[in-house]
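Number of protein chains: 2
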Amino acid sequence: MAERVAGPEIERLIQLLARLPGLGPRSARRAALHLVRKREELLGPLADAMQVARERIATCPRCGNVDTSEPCTICRDGRRDPSLLVVVETVADLWALERSGAVSGRYHVLGGTLSPLDGVGPRELNLDPLPGRIAEEGVREVVIAVNATVDGQTTAHYITDLLQGTGVKITRLAHGVPVGGELDYLDEGTLAAALRQRTAF
Amino acid sequence: MAERVAGPEIERLIQLLARLPGLGPRSARRAALHLVRKREELLGPLADAMQVARERIATCPRCGNVDTSEPCTICRDGRRDPSLLVVVETVADLWALERSGAVSGRYHVLGGTLSPLDGVGPRELNLDPLPGRIAEEGVREVVIAVNATVDGQTTAHYITDLLQGTGVKITRLAHGVPVGGELDYLDEGTLAAALRQRTAF
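Residue numbers (the numbering used here), protein chains in the order written: chain E, 879 to 1079; chain V, 879 to 1079.
These are calculated hints, taken from the structure and not from any lab test.
All figures in this text were calculated on a predicted structure; none of them were measured in a lab.
Some hints could be false.
Each pair may be met inside one copy or between any two copies, as identical chains are not told apart.
List time: in silico SDA-like cross-link candidates among lysine to any residue, alpha-carbon distance up to 25 Å [as the list claims (entries may be wrong)]:
hint	residue 1	residue 2
1	916	930
2	1047	1034
3	1047	903
4	916	1077
5	916	1078
6	1047	980
7	1047	908
8	1047	1025
9	916	902
So here's chain E without its partners, still in its complex pose (with noise of 0.2 Å):
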């Protein structure tokens, strides 16, 4: 902003609101009018919430997610099959796939993929403690959900190599068409993934 129009506080605000993702200079600014004009209903609950994320947030020791409880929710959760294991990149492909419903096992969330390039190595990424986890939690098959990048796929290639030995059975998530896809939207490589691994109708 070329000028303080308001308090520093209110500038604060909007500079910080600013920083979250989807959210440029002139949005972060409409954002903190709006929460300023709702103090009550909106501004007080979502600074306690703020507060309350901070205090109790934490990345579970065991996966990698993030949560208020450590191990996280479904780390701790007994109803879930201990023999399936999904490797995803990020907290958020995790979530995602929570969303889909159709993980009955548990995640190792990577915190990135392998990228020589910029610098992001195996140590840079939650790899070590996979084979122990494997052994200790008696994983019996890996789904590599991994992005379906170049650097994901190195990434995919690098965990097939770690586990060489373990006996567990690794998996990769299916290309083909989305669901509502549109054939004619859609990229040459994932028309033919889609052709070469079609299923019996």
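Based on the hints, put chain V in the right spot on chain E.
Below, chain V without anything else, positioned relative to chain E:
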């Protein structure tokens, strides 16, 4: 979300963030994850900033601006020209005009526009104190800087009637081509106004 993927504290944070303008359920989830990942650098400071805002921000009893001081920074600023009063619909409009740096006077925030269909009459707006302010503060010119909408113009006419007999000069913002705007994309009304109000080159 179909399922709770994290503790109730994180869910609550997501739900509250989703109520900010510009953030939907999906981007609120992304924002929450970002906050959780940046606990020290962003979540903590933002929680503090909101707490401070909640405790210290109030509506200026004189002009209707929101600020951490009463009267607000602008009302207390002795370098402001007391003879010029700019009437705006919302605090957002006040901030926008302040960013332009073109207002040497002070403001009067209505809190909306007259809108009989929505049940907004003169009582619902910050209109009553306006004649009194003009007399007390020695205002000589009132700039009606409301939006160029039907409701805005209705409100402008109402204010003109309200101030009849105070002897104050009433002006409004010029219509015309936005700076950097392309004629091809402007509506006929704006172009006609810009032509009517053309100035010497």
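Against the structure, the hints come out as follows:
1. 916 with 930: Classified as both: same-chain Cα gap 20 Å, cross-chain 15 Å, threshold 25 Å.
2. 1047 with 1034: Classified as within; 13 Å inside a copy, 73 Å across copies.
3. 1047 with 903: For residue 1047 and residue 903, neither the intra-copy (48 Å) nor the inter-copy (36 Å) Cα distance is at most 25 Å.
4. 916 with 1077: For residue 916 and residue 1077, neither the intra-copy (53 Å) nor the inter-copy (43 Å) Cα distance is at most 25 Å.
5. 916 with 1078: Cα proximity of residue 916 and residue 1078: none, with 55 Å in one copy and 46 Å across.
6. 1047 with 980: within (19 Å within a copy, 69 Å between copies)
7. 1047 with 908: neither (51 Å within a copy, 32 Å between copies)
8. 1047 with 1025: The answer is within: 20 Å in one copy meets 25 Å, while 65 Å across copies does not.
9. 916 with 902: both (21 Å within a copy, 18 Å between copies)
Comparing the model with each earlier hint shows violations of hints 3, 4, 5, 7; every other hint is respected.
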